[in-house]
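Can you join these two chains into the complex? Each is in its own frame, and there are hints to help.
Protein chains in written order, with the working numbering: chain A, 1 to 274; chain B, 1001 to 1370.
Because the hints were derived from the structure by calculation, they are not lab data. Heads up, a few of these hints could be off.
Stated by the list, open to error - Here are some of the chain B residues that sit facing chain A, going by a computed Cβ distance under 10 Å:
| hint | residue |
| --- | --- |
| 1 | Arg-1077 |
| 2 | Ile-1079 |
| 3 | Phe-1083 |
| 4 | Asn-1085 |
| 5 | Gly-1101 |
| 6 | Arg-1105 |
| 7 | Arg-1148 |
| 8 | Arg-1152 |
| 9 | Leu-1158 |
| 10 | Arg-1175 |
| 11 | Glu-1177 |
| 12 | Phe-1231 |
| 13 | Gly-1234 |
To be verified - Once the Cα atoms are required to be at most 25 Å apart in a straight line, the calculated PhoX-like pairs of lysine-lysine come out as:
| hint | chain 1 | residue 1 | chain 2 | residue 2 |
| --- | --- | --- | --- | --- |
| 14 | B | Lys-1134 | B | Lys-1103 |
| 15 | B | Lys-1109 | A | Lys-164 |
| 16 | A | Lys-190 | B | Lys-1155 |
| 17 | B | Lys-1134 | A | Lys-164 |
| 18 | B | Lys-1103 | A | Lys-190 |
| 19 | A | Lys-164 | B | Lys-1103 |
| 20 | B | Lys-1109 | B | Lys-1155 |
| 21 | B | Lys-1155 | A | Lys-164 |
| 22 | B | Lys-1075 | B | Lys-1109 |
To be verified - Take a look, some chain A residues computed to stay more than 12 Å from chain B by CB distance:
| hint | residue |
| --- | --- |
| 23 | Ala-3 |
| 24 | Asp-55 |
| 25 | Phe-86 |
| 26 | Pro-124 |
| 27 | Val-258 |
Given the structure is predicted, the values throughout are model-derived calculations rather than measurements. Just so it is clear, CB atoms sit at the ideal spot from N, CA and C, and this is done for glycine as well.
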Amino acid sequence: MKALKIQKILFFAILGIATLIYIGPFLFSLSISFNADKNVFDWPIKLLPETFTLDNYKNVWNELPFEKWLFNSVLVTLVQTVTNVFFSALAGFAFARLEFKGRKLIFGLLLSSLMIPGIILLVPKFIILNEFRMINSYAGLIIPGLVGVTNIFLMKQFFETIPKDLEQAALIDGCSYFRIFWQVFLPISKPALAAVAIYTFQGSWNEFLWPVIVTYTEDMYTLPLGMASLRTELLTDWPLLMAGTILISLPTLVIFIVFQRYFVQGVASSGLKG
Amino acid sequence: MATIQIENLEKVYPGAERATIQKANLSIQDKEFVVLVGPSGCGKSTLLRMIAGLEEITSGELQIDGGRMNELSPKDRDIAMVFQNYALYPHMTVFDNMAFGLKLRKTPKQEIKHKVEHAAKILDITHLLDRRPKDMSGGQRQRVAIGRSIVRDPKVFLFDEPLSNLDAKLRVQMRAEIKKLHRQLDATIVYVTHDQIEAMTMGDRIVVLKDGIVQQFDSPMNLFNNPQNKFVAGFIGSPSMNFIEGKIVMQKEATFKSKDLQFAVPKDLRPCLKPYEGKNVVFGFRPEYIYDKAVEKGKRLSESMEIEVEALEPIGSETFVYFHFSGNPDHSFCFRSNSQLAYAVGDKITIGVDIDRLRFFEADTEKRIM
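Chain B extracted, bound-state conformation (with noise of 0.2 Å):
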């Protein structure tokens, strides 16, 4: 198996104003598991591709397992790839689809067959290799799909958004399947998935990309605990980070300051934030820290904040309640609730955000501040 190593990498295309992947600086290790999030458009197809070698780089460094792979086509770079849509050959029965690879480097016959099987067997489709494409399902195909890859024990596996087009609990069951794959055969992975849920359970660690722009590359508890900008913190966890742009102002002691709510930054923060007196920053809470001051007793919460309930969203075991601060009822944010308190819409709760847990981040450049 093999390490990567992405030094400066870009990607302009011809006619286009900006880079589609701007210096991209990336060191996966052996054995690694990496997932490549973002939105549409933010290039993280495009990074996957230019690994694969389908995409020409425009400057910058490639390596795979220390060796310049820029100028090689996709078929000596000894990778595989795992497509969205699967592309296996329609015309092709299972067997020949994983076998193709294999034919084509001219491996032995019965090597070919060992192998086809054997892969086959990882993945549960031995009673398959016979069938056509258009005759199975979609997590069928993807098994194939997975399979094709798997049989020619590729220093590195590319996955693009393998599981976007499986219905909601295959997607579950086959996400938990590739995890399991990925110990099985202890292999370099490279994942592009949209869905940062995916990304989070999936990955050892996560690249998040916007606009062509690697955000951040660290573990999923890092992304969440301690994202570098307000972009990742939004963009990791769900229902995302509540944010609200206001000002410190600092008197007796320093204050943030919004349309929404007021409240006394805590004593061991304020050291950071006196830099920023006077000017906008963003105050970022996430969901799940927000407390019910009546309920929650034991953790260090900030100073009180009156709400109002505005909508509820009960998933079973938690309930998402849709609330607004006192001061503006046009702003709406969200926290994670028990189940069993029964709020109703309407209610006026008093709130708590974990002290440890409040985030600031600077307006103009989004970067966190702490």
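Bound conformation, chain A alone (with noise of 0.2 Å):
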């Protein structure tokens, strides 16, 4: 029993200090982005704003062109989180269910896709893009990003644990295999479906090195970029960044609170870790 205790103390220890170690940046930003004084890293630091203010809030919507980049990301991250969700689900279905020829080399080939680092294939997306002349625009944004290898493992691998009689009995009562994927599947799928919409949407939100790429001009910028673009060699305005920092990880923590059952049982289903 004592042996038990001192693990359990132990164990919540290690959480606890894990914990800190991942929520302390977190709070740091938050305390400066509540800073009246623009010199927050002049020694001593200090963890707590000496003049609490929200004009550095006011001024992320007043100053910055805060409300275009909010617009350019809310869109890119919708389209391609609906996208993904679709086309992952539709994908993972056929390599799931369906029985055509090359099945297995196509998803060998999607699968083998992944070992190649996403670095080494920003040039070559980039020169394609650029060809097709979409670079500084919407859909050089979007397009890159509509689908992803991942998430069409991660829903075959669910479909496959749906039992094969289901897909028989809709079948003899008339189904199509779209139908079956639509009106059976799909509704039966929803911590899957969820787990994807979260995983993409946590991307897309957060993706930098890819809008850094592909646009230059201050109107196409999204979020993450648009705050990165405060940071100068001279002059950081810091509690500035951080108020903006603050404000566009919002979302994705309201999401994450919201749809965190869903997250964690499509992880548990798929056997994949997050």
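Here you go:
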């Protein structure tokens, strides 16, 4: 019993330290965002602001093209989330349930593309989009992220756990394969779909590298890129930057809290670790 | 309702060494209840799924009501199927589960409602219509699955081991209900099970399958009394038939000789066994037709055989007596005795087998000789 108690205390201590390591920087950002003093990194560093202000948040909205960046981010994220959920489910269904020639080969090729680091693909992707005259456009921002292999894999794994009897019962009932997908498989795959949606939303909302490469005018920036543009070599307005960062991390936080149950279920049922 | 004609039906999976179903020929009558039975992997479910259209037919022909079905998809065959795992749509209510097939066929709403309610009444699940499958017991789910097939009013009902997920008591109850349903619906039913008791109690006729080959297609009592080969004889009946391999020796009289026992074959059976003189044969005798000679006086019994009781399994109405013949303690057999007779382990008894129930099989082909 005593050993168990010590084990429990140790367990919680480790968890506590880990939480602090993860949440510490966020809390510090939060503190900076309310600081009226611009020189937040002057020694000694103060963890709590001496003069508390909401001006930084007001300035984010008033002084920066925040609305435009927000619109860009929302558009890119929404379109990519919807298309990722739809296409990865559709492709996952095909790989999990349909018999067609070359199924294993195509799936193998898709999976093997995961082995190539994303960085390597940046240049070819840029060149292709340049040929299509899509640089610095919404198409250029959105199209490369319409569907992801990881999501297809996740959906395929999930669909494979659905008993074959269910599909056959639907066939006998008179369903076409698309109807089986649409009316039988999709409604019972909410946890996996939610997981895909959350992954995509998070990835797309926080994406930084691709927008940096594909856009060059301020009006095409997404929020992370806009925030990063505030940091210059000579002067960085840290409280303003942190206020913006806190604002843009809110949607992910809310979505994660609301859909946490699905998120965990989805990860568990797909056998993947998030 | 409909007839089903199966002619030289074969199923070979790509890369498989042998056919899963080999040249099956069956003629199923209108309104008949046919059970496909056999051990695991015998191909019974495959055959059912070929009828359903869920497995492609490699060669041969399948006809329902005179029309060729080979190329038709499941939805165009006018069949309904009940699955072992119920296969209910988990996100739909019972009503929607039952109505789904009708909606897809664009049946008018009022008619759907009427049909679903009628089927629910027959199956006594009216009170469950608003529930979802996860809120129901196994038995209730199976009723819904049956209901889903009834509402479509198909030509043929296919059941794929529908009772194997239910507990023993519920299984017996559902067995009777499905039989009753068959009478009510006047339907042609093909039913798959691995349980020979289920097959015997439910089927008008039974198809016994082994390794993809139809062994016998006959009525339950004919399968029991006149099995065409050793496999059917051993598979049908519980406890199963006892077998002893030995030789027929023709001296003054025909004698069956084996390590376990030796006895003179009754006179009227000798002509049949004459061609097998000196050859290996298998002697088969059912536990039901073995009698204690000290008690049974009226029956025509074979020569006396000395046995020693090894173990007893009383089941109330009767007792299964496990024994060996005096000549060979390594080989066990079984007979069903009246539970009033108090035997004890180690008892030595003299038994005889009902002469009319003696069965002999060829040792190599396993075909029945008589």
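Hints and how they fare:
1. For Arg-1077 (chain B), the suggested interface contact is upheld, since its CB lies about 8 Å from the closest CB of chain A, less than 10 Å.
2. For Ile-1079 (chain B), the interface hint holds, the least distance from its beta-carbon to any beta-carbon of chain A being 7 Å, beneath 10 Å.
3. This hint holds: Phe-1083 (chain B) has a C-beta 4 Å from the nearest C-beta of chain A, less than the 10 Å allowed.
4. For Asn-1085 (chain B), the interface hint holds, the least distance from its beta-carbon to any beta-carbon of chain A being 5 Å, beneath 10 Å.
5. Given the 10 Å rule on beta carbons, the hint for Gly-1101 (chain B) holds: about 4 Å separates it from the nearest Cβ of chain A.
6. With its C-beta approaching chain A no nearer than about 6 Å, Arg-1105 (chain B) sits inside the 10 Å limit, and its interface hint holds.
7. With its C-beta approaching chain A no nearer than about 8 Å, Arg-1148 (chain B) sits inside the 10 Å limit, and its interface hint holds.
8. Nearest Cβ of chain A to the Cβ of Arg-1152 (chain B): about 8 Å, under the 10 Å cut. The hint holds.
9. With its C-beta approaching chain A no nearer than about 9 Å, Leu-1158 (chain B) sits inside the 10 Å limit, and its interface hint holds.
10. Taken as an interface hint, Arg-1175 (chain B) does not check out: its beta carbon lies about 21 Å from the nearest beta carbon of chain A, beyond 10 Å.
11. Against a cut-off of 10 Å between C-beta atoms, the interface hint on Glu-1177 (chain B) is violated, since the closest Cβ of chain A lies about 21 Å away.
12. Of the supplied interface hints, the one on Phe-1231 (chain B) is violated, with its beta-carbon coming no nearer than about 29 Å to a beta-carbon of chain A, more than 10 Å.
13. For Gly-1234 (chain B), the interface hint is violated, the least distance from its beta-carbon to any beta-carbon of chain A being 31 Å, above 10 Å.
14. Distance restraint check for Lys-1134 (chain B) and Lys-1103 (chain B): the Cα-Cα separation of roughly 23 Å lies within the 25 Å cut-off, and the hinted pair is therefore satisfied.
15. Of the pairs offered as hints, the one joining Lys-1109 (chain B) and Lys-164 (chain A) is violated, with about 29 Å between alpha carbons and a cut-off of 25 Å exceeded.
16. The straight-line distance between the Cα atoms of Lys-190 (chain A) and Lys-1155 (chain B) is roughly 36 Å, outside the 25 Å bound, and the hint therefore fails.
17. Annotation: proposed proximity of Lys-1134 (chain B) to Lys-164 (chain A) holds, straight-line Cα distance about 18 Å (limit 25 Å).
18. Between the alpha carbons of Lys-1103 (chain B) and Lys-190 (chain A) the distance comes to roughly 24 Å, so the proposed pair stays at or under 25 Å and holds.
19. Using a Cα cut-off of 25 Å, the hinted pair Lys-164 (chain A) and Lys-1103 (chain B) holds, with the two alpha carbons roughly 22 Å apart.
20. A threshold of 25 Å between alpha carbons decides the hint, and for Lys-1109 (chain B) with Lys-1155 (chain B) the separation of about 22 Å falls inside it, so the pair holds.
21. As the CA atoms of Lys-1155 (chain B) and Lys-164 (chain A) are separated by approximately 24 Å, the hinted pair is consistent with the 25 Å bound.
22. Of the supplied pair hints, the one linking Lys-1075 (chain B) and Lys-1109 (chain B) holds, its CA atoms being roughly 20 Å apart against a limit of 25 Å.
23. Ala-3 (chain A), annotated as away from the interface, keeps every beta carbon of chain B farther than 12 Å; the closest lies near 40 Å.
24. At roughly 51 Å from the closest C-beta of chain B, the C-beta of Asp-55 (chain A) stays outside 12 Å, upholding its exclusion from the interface.
25. No beta-carbon of chain B comes within 12 Å of the beta-carbon of Phe-86 (chain A); the shortest separation is about 18 Å.
26. At the 12 Å boundary, the C-beta of Pro-124 (chain A) stays outside the reach of chain B, the nearest C-beta of that chain being 39 Å off.
27. Interface exclusion of Val-258 (chain A) from chain B stands, the closest Cβ pair being 21 Å apart, more than 12 Å.
Of the numbered hints listed earlier, those contradicted by the structure are 10, 11, 12, 13, 15, 16.
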